[in-house]
Amino acid sequence: MITVNTREQAYQAGMTVRDLLDRNQFTFRHIIVRVNGEYVPEEQYDKAPVQDGDDVLVLHLMAGG
Amino acid sequence: MKILVHKQELCTGCRACEVACSTAYFKTPDRNKSAIRIINNDNSFHARKCTQCGECIDMCTAHAIYRDKNGVVRIDKKLCVGCLGCVGYCSELVMFYDDDLTEPFKCIACNICVKACPENALEVLVSKAG
Amino acid sequence: MRQILKEYTYTPATIQRGYSGKSLYLNVSDLRMEEKVVTEFMKEKFIGGKGFDLWYLWQAVTPETRWDSPENEIVMSVGPLGGITQYSGTGKTLVCAISPMTGIPIDSNAGGYFGPLLKFSGWDALELQGKTEKELVIFIDGNKGLIQFCDAEGLPEDSHLLAEELTRNYAESEEDQVNVSVVSSGSAARNILYGMLNFSFYDPRRKVVRFKQAARGGLGTIMLDKGIKALVVRYKGIKGNTNNPADVATLNRIGVKYHKEMHDLDEKQNGMRKIGTANTILVMNQYDLLPTRNFQTGGDPAAVNISPKVFIEQYLTQGIHDGCWYGCTMSCAKTADHFRLLTGPYAGACVTVDGPEYECVAGLGSNLGIFDPRAILEENFYCDTYGVDLISFATTVAFIMECYQRGQISREQMGGLDLAFGNSDAVLELLHQMARGEGFGPIAGLGIRRLKKLFAEQFGSDPALLQDIGMENKGLEYSEYCHKESLAQQGGFALTNKGPQHDEAWLIFMDMVNNQIPTFEDKAYALYYYPMFRTWFGLCGLCKLPWNDIVPADNYKTETPAKVPEHVQNYVDIFNAVTGKSIDKEELILQSERVYQFQRVFNIRMGKGLREHDYAPYRSLGPVSREEYLSRQELYDRQLREKQGLDPASMSLDEKIATTRAYREQQFELLMDAVYKRRGWTENGVPKPEHLREIGMDLPMLLEVIEPHL
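Sequence order for the protein chains is A, B and C.
Counting along the first sequence from 1, when you hit position 22 you're at 22 in my numbering, and nothing is skipped either side.
Just add 65 to wherever you are in the second sequence, counting from 1, and you've got my numbering.
Just add 195 to wherever you are in the third sequence, counting from 1, and you've got my numbering.
Bear in mind the hints are in silico, worked out from the structure with no lab data behind them.
Fair warning: this is a prediction, and the values are worked out from it, not measured in the lab.
Among the hints, a few may not be true.
What the hints assert, rightly or not - When the alpha-carbon atoms are kept at most 27 Å apart in a straight line, the in silico DSSO-like pairs for lysine-lysine are as follows:
hint, chain 1, residue 1, chain 2, residue 2
1, C, LYS452, B, LYS143
2, C, LYS434, B, LYS92
3, C, LYS803, B, LYS142
4, C, LYS431, B, LYS142
Said to hold, decoys possible - Okay, the calculated bits of chain B under chain C, using three or more residues with CB under 8 Å as the criterion:
hint, stretch
5, 80 to 89
6, 125 to 136
Stated by the list, open to error - Residues from chain C shown here face chain B by an in silico Cβ test under 10 Å; the list is partial:
hint, residue
7, LYS240
8, GLU456
9, MET846
Where is the CB? At the ideal position from N, CA and C, for every residue including glycine.
Kindly generate the complete structure, drawing on both the sequences and the hints.
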């Protein structure tokens, strides 16, 4: 189990930040990703691993209105 | 097209160009009012001054920047509203402003600093292109 | 030159630290002009802009005043920061009046040059009162100190022609046209209730007059009802120090820093300079937020046809400055140049279309089931030149289309128009009918609240269904976001002062996607902080977009990236640099809250502003129809399991819809409770006297209004 934006989700062995974004259809470009509070830069999404039990925050900086 | 060229190998960093420029245009020997700025990098001197690239022309919010018949990029002070957008948008960081003035200012390749340079490190080149 | 009916001269006041210290009162009944003094009390409690507007409007009207009463006033003010050139988005005029849509104060803001030129002509605010049979053009020359009431005879009706002619007439030369700004409406605004106001500025590159709109709430309808065809202001001499700021060095420093940020980051972030606010169309579509077919669903695969790419590649002129006031390097006001019209009185003409902004593409596009970019631009053009608030128009037409789809009204009842989703020809014809005052046009121009009554009474439609699908609150139509899955945004729309417009709070991603405000208290805080923060733009004459449509490169490192702390500090510093005061970010919120609470009490004074007026139609809260439920069945079923502990497998579809509805309506009640508490209101939504005292707003005039409701 992992947590994404404080909601629980299934963990999948070997998953990366990119996999997590794809699975959640987080297609918005302007986001901030933190895994267990640690900032992950965009260049590392393809490689940065997500481990079982991780707390992932995907903040969409969508201004709106 | 006229453009001011700085020969780094001849420059001694005396800043006579800065004094000449600000004195000519703003009647004061104040580096902050000079359109050429000599930067000292470990005793190697390079000059920040306009390359006449003209990127600022289209972005000007008051339609006050234009290229004259000699290819020099100029600010029409009557039209300029002092928004300083061009200062922030200049990729070369060579559009200058000073809080005493109501418009920004830039190098117009006028030759004044060329004449003032004791080392002949400055030159205004005239090319046919543009 | 036009025939002058009455002329006044005045000595233009010098602007000191953002204020001229004078306001202008004009009465069109007797062509009277008065100068008023802007007091320290006004500056302290109301700051300017919308604050000054509401203050003057309160004095002008009584609880019995209706939108077309002569004493109703249109008040305009740009605020103390309005007209500075160093920072982006600093030319907004705030306009208030008692609205024909809602019966309470509307506040609407517009770019364009009018507000700054008005202030530099010596006026912190302008009040327009009275009514006249003989239509007028009002001209203010801020260099000469001249005010003229002129005969409007012989002028064109529609804004693109009217403003062009007046700009040419009142400019002293071709080059002088940039120093003239016109406020006007259009032919449809005479026949509908949601007529809007165009605020012009002259674009010297394209050599055309362009517009920004004070769109919401029927301001154009009111202006024409008063007999004012246009306002014209002329002022020459704008510089970065025309406001005589206390500290120009700080203004310059922060301005340059901001311009550099735009230069370095906009392309990587929102691309505001390329496409403007319509950059978000596909994002909204992907996150189920793009209102489609009257907010029934949150997207459609056909949305790719109206994507930013299509507009950029096929229509919008790129690469030159497109701001609606000097110094705006965000420059989001896009145009489609040389656009050839295919319908209506100007068919065949090549025009410049201002836009399309996000609301336009979503409202006139997806929400009407229209995915044709050309048709959207044509609708956009005609809404603008006819003086139609395109948000109210779009949401009203979406409602009519769904009524038609569900057999609640017939084609005959629409005068033969086939207003089916996707039929852009019918939508354009409806607009032309509004302009001509014929057929179904004026009926559709009543807005949803009145149509619900009319359809039920005259066409036998089902009032309960109309209530559910009519996207209005307080009489104003919702703006264009499908927000069913964000409880906070449901409040962000319905718990507003003027009605459901997204300028108070836009919390959808923060709430629904990021899940940053999970509890009622979190949501209530967001529905306190953001409306208060955003109100401040309206007090000062600022645009919201430069606040968070670009953020500093290191914004992600801050504790509250959604607030964009560095930009908040920019605003604090700019305010102090102009006015010479020394506020901090807490005082900024307090400045806003004083006016926000004043406006709430004003609503109560006008017979609204209580809990009963804050309820949302169910389409805003959840799935009304079976198709809507089925379109996101997996999500709704999961919510039944997780939130209510029910087993959807053992329930019928109608049971699931009803249970979901009961739950969501109750959630909304709880949200109201939490928000009211956070805003210092009673359970009935009335500001408490002790709270007003706490924020320094316990004025006797307010206490008198709330007293019977406590």
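- Message: Taking beta carbons only, do three or more residues of the stretch 80 to 89 of chain B come closer than 8 Å to chain C?
- Response: violated (count 0)
- Query: Has the given pair, LYS431(C) with LYS142(B), been kept, meaning a C-alpha gap of at most 27 Å?
  - Reply: holds, 14 Å
- Item | Restraint check for LYS434(C) with LYS92(B), where alpha carbons must lie at most 27 Å apart | holds, 22 Å
- Task: Closer than 10 Å between Cβ atoms is the bar; does MET846(C) clear it against chain B? Give me holds or violated.
- Result: Violated: closest Cβ of chain B sits about 59 Å from MET846(C), beyond 10 Å.
- Hint status (Cβ of GLU456(C) to nearest Cβ of chain B, threshold 10 Å): Since chain B brings a Cβ to about 8 Å from GLU456(C), closer than 10 Å, the hint holds.
- chain B contact restraint for LYS240(C) - C-beta distance below 10 Å: violated, 31 Å
- Item | Outcome, coverage hint (the stretch 125 to 136 of chain B, chain C; C-beta under 8 Å; three residues) | holds (count 4)
- When you check the alpha-carbon spacing of LYS452(C) and LYS143(B), does it fall within 27 Å? Measuring from Cα to Cα gives roughly 25 Å; hence the hint holds.
- Message: Just to be careful, I want the Cα atoms of LYS803(C) and LYS142(B) compared with a cutoff of 27 Å; is the pair within it?
- Response: violated, 52 Å
Violated hints, in rising order: 3, 5, 7 and 9; the structure is consistent with all others.
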